[in-house]
Amino acid sequence: MALIETRGMTKVFRTPLKGPGLAGSVKHLFTRRFTDRVAVADVDLTIEAGEAVAYVGPNGAGKSTTIKMLTGILVPTSGEVHANGVVPHKQRIQNARNIGVVFGQRTQLWWDIPVRESLALLKEIHRIPQDRYEATLQSFNELLELEELLPVIGRRLSLGQRMRADLAAALLHDPKILYLDEPTIGLDISVKDRVRAFIKKLIAERGTTVMLTTHDLGDIEDICRRIVIIDEGRIIYDGDLQAVKDTFARERSMHFQLQHPPADPAAIAARVPGVKLVAGEKPVQLGVHFDRFEVSAADVVAAVMTEADVIDFHIDEPAIEDVIRKVYAGQLDLSAAEA
Amino acid sequence: MAAASRIGRPIVLYMRCLAVQIKAVLEYQADFWILMMASVLMNLVGFVFLWTIFTKIPDVNGWTFWQVVVIYSLVFVAEGVGSLFFEGTWNLAFLVNRGELDFMLLRPVSPISQVMSCAIGINGLGNLLLGGTLIGLSLSHLQIHWTLGRVALALLLLASAIATKIGLNLATNASAFWVQTPFSGFAFSMHQLGDLARYPITIYASAVQALITVAVPFAFVSFFPAAAVFSKGSWRLAGVELPLRWLGLATPLVAIYCCWMGVFLFRRGLRRYESAGN
Amino acid sequence: MRRAYVMHAKLALQQMFAYRAGFFLGLLGNFFFLLSMFYLWHVLLKNPRFTHALGWDWSQMKAYLLIGFVTGALVSTFTDYTMANRIRTGDVALDLVRPVDYQKARFSEAIGIALFELCTAILVCAIVVAVFGGMQPPTLQAGLLFTVSLLLVVPLKFGIIYMSGLLCFWTTNYLGVSWSRQAIVNIMSGALVPIVLFPVWLQGLANVLPFQAVVWTPARIYLGTIHGTEAAMWLAIQAAWGAGLWILARLMWKVAVRKLVIQGG
Chain A
802 MALIETRGMT
812 KVFRTPLKGP
822 GLAGSVKHLF
832 TRRFTDRVAV
842 ADVDLTIEAG
852 EAVAYVGPNG
862 AGKSTTIKML
872 TGILVPTSGE
882 VHANGVVPHK
892 QRIQNARNIG
902 VVFGQRTQLW
912 WDIPVRESLA
922 LLKEIHRIPQ
932 DRYEATLQSF
942 NELLELEELL
952 PVIGRRLSLG
962 QRMRADLAAA
972 LLHDPKILYL
982 DEPTIGLDIS
992 VKDRVRAFIK
1002 KLIAERGTTV
1012 MLTTHDLGDI
1022 EDICRRIVII
1032 DEGRIIYDGD
1042 LQAVKDTFAR
1052 ERSMHFQLQH
1062 PPADPAAIAA
1072 RVPGVKLVAG
1082 EKPVQLGVHF
1092 DRFEVSAADV
1102 VAAVMTEADV
1112 IDFHIDEPAI
1122 EDVIRKVYAG
1132 QLDLSAAEA
Chain B
99 MAAASRIGRP
109 IVLYMRCLAV
119 QIKAVLEYQA
129 DFWILMMASV
139 LMNLVGFVFL
149 WTIFTKIPDV
159 NGWTFWQVVV
169 IYSLVFVAEG
179 VGSLFFEGTW
189 NLAFLVNRGE
199 LDFMLLRPVS
209 PISQVMSCAI
219 GINGLGNLLL
229 GGTLIGLSLS
239 HLQIHWTLGR
249 VALALLLLAS
259 AIATKIGLNL
269 ATNASAFWVQ
279 TPFSGFAFSM
289 HQLGDLARYP
299 ITIYASAVQA
309 LITVAVPFAF
319 VSFFPAAAVF
329 SKGSWRLAGV
339 ELPLRWLGLA
349 TPLVAIYCCW
359 MGVFLFRRGL
369 RRYESAGN
Chain C
268 MRRAYVMHAK
278 LALQQMFAYR
288 AGFFLGLLGN
298 FFFLLSMFYL
308 WHVLLKNPRF
318 THALGWDWSQ
328 MKAYLLIGFV
338 TGALVSTFTD
348 YTMANRIRTG
358 DVALDLVRPV
368 DYQKARFSEA
378 IGIALFELCT
388 AILVCAIVVA
398 VFGGMQPPTL
408 QAGLLFTVSL
418 LLVVPLKFGI
428 IYMSGLLCFW
438 TTNYLGVSWS
448 RQAIVNIMSG
458 ALVPIVLFPV
468 WLQGLANVLP
478 FQAVVWTPAR
488 IYLGTIHGTE
498 AAMWLAIQAA
508 WGAGLWILAR
518 LMWKVAVRKL
528 VIQGG
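Protein chains in written order, with the working numbering: chain A, 802 to 1140; chain B, 99 to 376; chain C, 268 to 532.
Keep in mind that the hints were calculated from the coordinates and are not lab data. The model shown is predicted, which means the values in this text are computed figures rather than measured ones. Where a beta carbon is used, it is the ideal one built from N, C-alpha and C, also for glycine. Some hints here could point you the wrong way.
Claimed, not checked - As a list, the in silico DMTMM-like pairs of lysine to aspartate or glutamate whose alpha-carbon atoms are at most 25 Å apart:
| hint | chain 1 | residue 1 | chain 2 | residue 2 |
| --- | --- | --- | --- | --- |
| 1 | C | 521 | B | 129 |
| 2 | C | 313 | B | 293 |
| 3 | A | 977 | B | 198 |
| 4 | A | 1002 | A | 943 |
| 5 | A | 977 | A | 994 |
| 6 | B | 121 | A | 918 |
| 7 | C | 526 | A | 913 |
Stated by the list, open to error - Just a sample of chain B residues kept apart from chain C, beta carbon distances all over 12 Å, derived:
| hint | residue |
| --- | --- |
| 8 | 240 |
| 9 | 245 |
| 10 | 350 |
| 11 | 369 |
| 12 | 370 |
What the hints assert, rightly or not - Cβ-Cβ distance ranges computed for the label pairs, FRET-style:
| hint | chain 1 | residue 1 | chain 2 | residue 2 | range |
| --- | --- | --- | --- | --- | --- |
| 13 | B | 250 | A | 815 | 49 to 55 Å |
| 14 | C | 469 | B | 114 | 43 to 49 Å |
| 15 | A | 1086 | C | 274 | 52 to 58 Å |
| 16 | A | 1082 | C | 353 | 45 to 51 Å |
| 17 | C | 353 | A | 1016 | 27 to 33 Å |
| 18 | B | 370 | A | 843 | 18 to 24 Å |
| 19 | C | 324 | A | 838 | 58 to 64 Å |
| 20 | C | 525 | A | 1117 | 52 to 58 Å |
| 21 | B | 125 | C | 360 | 45 to 51 Å |
| 22 | B | 114 | A | 933 | 18 to 24 Å |
| 23 | A | 838 | B | 125 | 37 to 43 Å |
| 24 | C | 510 | B | 369 | 53 to 59 Å |
| 25 | C | 394 | A | 845 | 53 to 59 Å |
Pulled out of the complex, with its shape left as it was, chain A reads as follows (with noise of 0.2 Å):
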């Protein structure tokens, strides 16, 4: 059985019905009436050791909600779901002895002390032998400075010195799945750069299998080679991550500074065929979109070099970005990737 399987999972809430203002609070003490929402439709999830597997999908897609199926915290309506060979709302203790979670908006640490005492106290939940536990925190003072953090008071720490610490309370016990929920959120970009550099060595190095629900594209392809897109409680996309920028980000855009705007646009096109122009907000601007699996960038730099004068060119990259929007609007689908 692989590491993390799921079948038919779904997840149901149900949340009282009332009108807004004082006579919606008074009607509903007399009408109690709920409405049911589906927040997990359905989800048949596998994942093995070791795999990166980015979960993505719009707020309120049901992210976060399978998340804590996965990790034992909610009861599934219907549905199974065994991760490390237990049912995780059954076996709540077993589950834990080898997950690591870490919720971007929420710490897990103690709120009244030190970073060195939380992780001294999970070192006593999780049993860590002295030695293993003094190791470990000594690859984490490299990879994480975690050094820095120990001393500070958890209420105390800003938001990128809590993500590193929880981080490490998350790994302390080398736990075999790690759960990231939008990890990076409201970090900066140095941060952000070590948390990432931190997570793929923990995957090169001890196999942790990483579970990243996250909003921030730049995580996903920075770590994760599978990428499953949930949207409204149900899995539209389950697959390589590769794939899918090579079947849906295909259209690469130059844009070029010209010196005077071109005479004749249509030569440049006859060049390069396939290609569409599209006029820049300046005269002597140009914008040319392509496919690039059919036409190569030096051909349009050629191309339109011939026919016009060019100061400058940038290139933009197709980016899962793109992509994802796509799909949020509904104007992609994306089955035709999986066949």
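Please arrange chains B and C on chain A, whose structure you already have, making use of the hints.
Showing chains B and C alone in chain A's frame:
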């Protein structure tokens, strides 16, 4: 050895979690003293209340002043232990409402012990000290013939009484899983119902006596244990008459039942937990 | 400007509905206390020495306890706790930036909720009367004066609770302060024991404190123990305390804002 460590480890871990809370509390020295003063004040007000009443009458339903003080103080002592060692139970509603229970569920430790040890109520110290003092004072005024057996019985009953209160706290606070507020309203109301047991329950109508003896056995936190030690005859309810000695001895059983109820309801509630937030 | 305060009252009421379960359960708790007092005093009043010392019989004692309950319910949900929490977390900074007077805003909230508290408290009283039997109704004059007294309890209790809430600017953990306040008010207002049963020196102390105006004064007026000019005098004292606490609170506020320390993360 392994068995000892199986029981010992969780206790050590529990104490360590409590220790974390103590550090947090001691950060605010002024608050520490204010809380202590508050609990002493509350104890004192109750004592003054009883004293004012008993200046006019010799006894209530056959219960003399010092005997009533014992009953009254037993409630404080049980509360004191609860606040000092199990205060976290009262935070359950808050934890559930804010979804903060999540992290406790992600650790390989029983969530119940994590919840109970997540807070410490220093007022418990005040309750324990003053309540204990008042009980000691009362016992010195009462002419009880102390044999070894009687002392053992008293200690057993004291422990059971306290355990009953703890179990009831857990059971009533488990309501947090069913009610959608961050306050432990239901549990607190039940706690106040328990205040009825501060006085000899024989003053109440049968229905009320039955309520706090059978449904929510607060009477076993104070009245019955005390009555058993004082050996005060028998107790009559709905035509049934039972010697108080026997009822007092039922306290340990009631304690086990209440603790079991607490754990059971907590586990049931956990299944309904829906974890707030994104 | 007045509309802003009415909005405060409305919002507070709405919040209460959101937490209606909590409110009703809190009410239930107070009801249990009432219950225990009923049974206890019923037994106590069988003893003639009590009735002699009190000057009341059981029917009057019932009224006394119910008055204690109603006045206890008034301004009990608005709190000090909400205030204290906002001060502790620093949210109070948002309140300070709003162009409304902090004290008046809190008072508006308290009044809004007090209406609800009064209605539910009276409902509970009706149930209790149905179960335990009736009480002697007051004379017309006593009834009118009592209504005035009851209304005066609202600003009075607000003053006490508001000021103790302001103490949160000085301490970080509010619980101890709140409990101390409750204990002191409980005993010195006469809610636990009618003040006439106190030893003489304690009675003297109670009479110079504002707390007796919460239960003792309205109760005596209702039961006719004091009437005519004596009642008017105690009413005036009650009103004076209400106004005095209001002013004292404003002074305390000035000091508190100067000392503002924002706690929490």
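Results of checking the hints against the structure:
Distance restraint check for residue 521 of chain C and residue 129 of chain B: the Cα-Cα separation of roughly 23 Å lies within the 25 Å cut-off, and the hinted pair is therefore satisfied. For the given pair, residue 313 of chain C sits about 23 Å from residue 293 of chain B by alpha-carbon distance, which is consistent with the 25 Å threshold. With a CA separation close to 24 Å, the supplied pair residue 977 of chain A and residue 198 of chain B stays within the 25 Å bound. Taking the CA atoms of residue 1002 of chain A and residue 943 of chain A, the gap is about 12 Å. The hint holds against a cut of 25 Å.
A threshold of 25 Å between alpha carbons decides the hint, and for residue 977 of chain A with residue 994 of chain A the separation of about 23 Å falls inside it, so the pair holds. The straight-line distance between the Cα atoms of residue 121 of chain B and residue 918 of chain A is roughly 11 Å, inside the 25 Å bound, and the hint therefore holds. The straight-line distance between the Cα atoms of residue 526 of chain C and residue 913 of chain A is roughly 24 Å, inside the 25 Å bound, and the hint therefore holds. With 12 Å as the threshold on Cβ separation, the claim that residue 240 of chain B sits away from chain C holds: the shortest Cβ distance comes to roughly 21 Å.
Every C-beta of chain C lies more than 12 Å from that of residue 245 of chain B, the closest at about 33 Å, which supports listing it as non-interface. Residue 350 of chain B, annotated as away from the interface, keeps every beta carbon of chain C farther than 12 Å; the closest lies near 26 Å. Every beta carbon of chain C lies more than 12 Å from that of residue 369 of chain B, the smallest distance being close to 21 Å; the non-interface claim holds. No beta-carbon of chain C is positioned within 12 Å of the beta-carbon of residue 370 of chain B; the least distance is around 16 Å.
With their beta carbons about 52 Å apart, residue 250 of chain B and residue 815 of chain A fall inside the hinted range of 49 to 55 Å. For residue 469 of chain C and residue 114 of chain B, the hinted distance range of 43 to 49 Å is satisfied, since their beta carbons lie about 47 Å from each other. In this structure the supplied range 52 to 58 Å holds for residue 1086 of chain A paired with residue 274 of chain C, their Cβ-Cβ distance being about 54 Å. Look at residue 1082 of chain A against residue 353 of chain C: about 50 Å separates their beta carbons, and that is inside 45 to 51 Å.
Range check, residue 353 of chain C to residue 1016 of chain A: about 31 Å between beta-carbon atoms, so the 27 to 33 Å window is met. For the pair residue 370 of chain B and residue 843 of chain A, the supplied restraint of 18 to 24 Å holds, since their beta-carbon distance comes to about 22 Å. With their beta carbons about 60 Å apart, residue 324 of chain C and residue 838 of chain A fall inside the hinted range of 58 to 64 Å. At about 57 Å, the beta-carbon gap between residue 525 of chain C and residue 1117 of chain A stays in the expected band of 52 to 58 Å.
Remark: the range hint 45 to 51 Å for residue 125 of chain B to residue 360 of chain C is contradicted by a beta-carbon distance near 22 Å. Hint check: residue 114 of chain B to residue 933 of chain A, Cβ distance near 19 Å, so the stated range 18 to 24 Å holds. Between residue 838 of chain A and residue 125 of chain B the Cβ separation comes to about 42 Å, which falls inside the hinted range of 37 to 43 Å. Between residue 510 of chain C and residue 369 of chain B the beta carbons are some 55 Å apart, a value that agrees with the proposed interval 53 to 59 Å.
A C-beta distance of roughly 56 Å is found between residue 394 of chain C and residue 845 of chain A, which places it inside the suggested range of 53 to 59 Å.
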